[in-house]
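**Student:** Residue numbers (full-length UniProt numbering), protein chains in the order written: chain A, 1 to 569; chain B, 1 to 569.
Please keep in mind that the hints were generated in silico from the structure rather than gathered at the bench. There could be a bad hint or two in this list.
Remember, identical chains collapse to one label, so a pair may be satisfied in a single copy or spanning two.
Here are the computed lysine-lysine pairs in the DSS-like style, where the Cα-Cα straight-line distance is at most 27 Å [what the hints assert, rightly or not]:
(1) K521 / K164
(2) K538 / K136
(3) K86 / K206
(4) K164 / K522
(5) K164 / K65
(6) K538 / K65
(7) K371 / K333
(8) K505 / K206
(9) K164 / K105
Number of protein chains: 2
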Amino acid sequence: MSMMAQNVYIFSGVVCYLLYYEYSYISSKRIAHYYSSKPQPHQFTILVRGIPVSSGSSCSETVEKFFTEYYPSTYLSHSVVRRTNKLQHLTSDAKKLHRRLAHLKSETNPQRRSIRDGFCGLFGHKVNVLDHYGKKLETLEDNVRMEQLSVAGKEVPAAFVSLKSRLGAAIALHIQQGTNPTEWVTERAPEPQDVHWPFFSSSFIKIWISKLLVVVAYAAVTILFLIPVVIVQGLTNLEQLETYFPFLESILNLTVVSEVITGYLPSLILQMFIALVPPIMIMLSSMEGCISFSQIEKSACTKMLCFTIWNIFLANALSGTVLYRFDIFLDPKEIPGILADAVPAQASFFIAYVVTSGWTSLLSSVLFRLKPLICSIIKRPFSGKDSDELEVPSIPYHSHIPKVLFFGLLGITYFFLAPLILPFLLIYCCLGYIIYRNQLLNVYAPKYETGGRFWPTVHNSTIFSLVLMHIIAIGIFGLKNLSLASSLIVPLPILTLLFNEYCRKRFLPIFEDYPLECLIKKDREDQNDPTIAVFYNKLSTAYEDPALMPIRHPRSTDDHNSPLLQAGV
Amino acid sequence: MSMMAQNVYIFSGVVCYLLYYEYSYISSKRIAHYYSSKPQPHQFTILVRGIPVSSGSSCSETVEKFFTEYYPSTYLSHSVVRRTNKLQHLTSDAKKLHRRLAHLKSETNPQRRSIRDGFCGLFGHKVNVLDHYGKKLETLEDNVRMEQLSVAGKEVPAAFVSLKSRLGAAIALHIQQGTNPTEWVTERAPEPQDVHWPFFSSSFIKIWISKLLVVVAYAAVTILFLIPVVIVQGLTNLEQLETYFPFLESILNLTVVSEVITGYLPSLILQMFIALVPPIMIMLSSMEGCISFSQIEKSACTKMLCFTIWNIFLANALSGTVLYRFDIFLDPKEIPGILADAVPAQASFFIAYVVTSGWTSLLSSVLFRLKPLICSIIKRPFSGKDSDELEVPSIPYHSHIPKVLFFGLLGITYFFLAPLILPFLLIYCCLGYIIYRNQLLNVYAPKYETGGRFWPTVHNSTIFSLVLMHIIAIGIFGLKNLSLASSLIVPLPILTLLFNEYCRKRFLPIFEDYPLECLIKKDREDQNDPTIAVFYNKLSTAYEDPALMPIRHPRSTDDHNSPLLQAGV
């Protein structure tokens, strides 16, 4: 039986070696990518929040004064953020109307060019649609212009500040600016097209409070989700179902019914509920005060991962035994025993889960993109969009990464409990490799450059899986009264956590920021670059709110490259 | 009874208000002190560890090359650290001998100028002491010179790098230097006289391992210390003592004996054991890889504080009830009840503790400095030191701050359980204010500038006391079946922790570093300062190891200002 402990050691060692190798490889890739990158606006820009505007002067003046004083040689320009939520609604309406108008103009059937202006387009007299929409668009655009003028005054005490060198931006980022740490709070700027413009809070205290509220809301969602999990769990425990609903007994005794119910139905129901979760997580993350889609997605990815582990793995594994005695989690010593008792019992459920959720979701949601397809089929009759207007999809990291990582967790925790799961996972991995490779290369268009920043999440999740596996192993050897093997495993989680700590120190800083060496080398390259003056020009306007740009689409032609249309991409 | 909950709220509110006010006051003081300070070496210097020395070149060359490349405008000089432990022993021996020689030369009694060179100076023939010591000193100094030569090659891959501006030092400190985060690790340099020269480990991994080992050792010391605590606890529980040692019954029934034993003896014994702890903590902290006395003392102060709270407060309060059922601590829900049961019962012990430990230690150890006095009385016959050679004592922050904070904790936790403790604490505070004020102004000489960096420790300790008090309050109201009052208190610890979190964000960064605003203002002041060239000259030699300086004390005169003698100060 110490053979088994030995296996656990070897397995953990191999996983840790692979993790180390991959971390080192990805971090070197990240540095290499930085070295080979062209000057980009977000490398030179920081976001400053909590600007202490004195009553006499505007926010813009305050920023100008501060940065010309303290960054005299590197300060380039700034653009103050404005509260443009209303304006954004108006411009997006105008954009839609403009698009519909363009579509109608290209329409050849004259019947469709006129509608009735009464209830549901059924009564009233016929109107020329082109005129109707043209007028509507005109008033909308006038509104936009008026709103733009009024918004110019609504400054939020936050600004994107561009500097002339990467080092300058790094200094502004890393060194506390003012004597009050809650003022002049700096943050890395996202790529210009990645900015999530309608962010609300700029003050330190508001962001902090909204973060706290999001944590509470997240906990609430996670706990409420137990309800469908419990229902699913009830379906796998047929006996329990029969005791609750005795009248079902005759139906459940049919082999086919019971097989469908225990084998396929639970994970299908779970699937449907889980599909609802990623948008909720995105919503929560965007309420946190993140300023870019990339941040929102990264934060949602972590939330989604914890959610999946808690609600799919732990809740499913434990619901039959201890979910109702929730306070057991407050007693750390009992956890290994409980896990060892419950987790192996759910092996068949998770094997079915790999097939129903893993394989089918790979095929349906990743390869065929069923959900967007269904949505577009349902929406088309109402929106009047043309099929050739479909946007290129971006990669939904926040829903895919947690899914893949969860199957990694299943593989690691079940590798010695139920090795039968491994071939299923292997097929999943091979299928996944092929499908994701194809999708990433040919289908998805990246919305922003991740720079490998999702890797630490993958690493942490794998370390967590390893430690969970060790805890279950300790529990199992304990249950089987193999106290020697059980205590042989005890140092392993500690060693794994130390390994993780080492990796954090060795690699994580690279993923958080670029070192001085790279910054200065790139800055020196720029000095010899003749096109840098052009870049500086572009840089000074890169972070202007697209909603504030003047409407320039000519009404008579279909110029899709006008700035207003670009705004929503 | 909700009156009592209300009192707890008011009390917590007042304490938090005072904490906030004080934090803000001290942080403004800290900034003001920085503005008013003259240029000092440690403001311009950083310590670099983990220098990646390639086989072909020396450490010094590597540092020179790196900093001239990446800090071309601000790099000034550097001094590589060398392994000088052996040399330091030799120089300190030489110093002692030199001092003794000087003392003997001033001796007028010719009898004392000669000793017998045999066993204990009793047998053998008389030797002229001056000659004897003179020769000894000569060989010792030759050794020192040889060792200095050989040490010059023993470079540790660490160096103090001085830059020409405070901003330059801050950049080197805050931005990761190389692509490998474990190389070129920078750290704030301490004041030159504050450097703890015999630090061993320069590599990242060694420091990390030694930190881990220190944590383990610290836990061991803390647990082993329970033994004397249990003995003391046995003395306060007379009945328990009688059951263990029935033959003592007749003695213990005498009122005087039992009063002395229960009232005074326990805390006296505890006192004696506690006196042993600060040096142990200093030793542990110095093994952690700290590079300055100030860091060592700050780390020892935190260690000592946790130790005191755990071993004096919790162990004393709980030993009668649950010390033996140690696993109760793994069950968080029971803690309030246990504390509420145990803590009030020990009120009389802690009142006695305030008197015996607080008052007497203030008088004995702070005012009269009994321990150094006893030490010097014991040591004098052996060391031959003169009383006028007594060094000016430095402030032992690591033993005094935890003591004062512990009385703060007693005051906060017992304010509603046993208000009788408050007058005793008030007397302690008044006495303490007068005595400490006198000692700080007239007796102690600061070894280094703390810059208010101990305040966050005080703040955190007070917040901990408040939360502990809330937990005890919840437990007590729970025990008395006042579930309304009990649940009224529940939000209070959460609010207190949120308040603490706010303070961390609002004030802590100021204590960790100076903001860019200050740095640049001070740098600009320097530019207009005509004496800055002289300062730069001094700066480039400020961080040389004193053990490596040439021995320059003239043997015939008593020039106490020679560098060798300064070295040990």
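**Student:** State for each hint whether it applies.
**Tutor:** Hint by hint, here is what the structure shows:
Taking the shortest Cα distances, K521 and K164 sit within 27 Å of each other both inside one copy (14 Å) and across copies (22 Å). For a Cα distance limit of 27 Å, the shortest separation of K538 from K136 qualifies neither inside one copy, at 34 Å, nor across copies, at 77 Å. For the homomeric pair K86 and K206, the shortest alpha-carbon distance inside one copy (21 Å) is at most 27 Å, but the shortest distance between copies (57 Å) is not. In this assembly of identical chains, K164 and K522 lie within 27 Å of each other by CA distance both inside one copy and across copies; the values are 12 Å within and 24 Å between.
Proximity of K164 to K65 under the C-alpha cut-off of 27 Å is found in both arrangements, the shortest distances being 17 Å within a copy and 26 Å between copies. For a Cα distance limit of 27 Å, the shortest separation of K538 from K65 inside one copy, 22 Å, qualifies, whereas the shortest one across copies, 36 Å, does not. For a Cα distance limit of 27 Å, the shortest separation of K371 from K333 qualifies neither inside one copy, at 44 Å, nor across copies, at 45 Å. Proximity of K505 and K206 under a CA criterion of 27 Å is satisfied inter-copy only: 13 Å between copies versus 32 Å inside one chain copy.
Neither within a single protomer nor between protomers do K164 and K105 lie at most 27 Å apart by alpha-carbon distance, with minima of 47 Å and 69 Å respectively.
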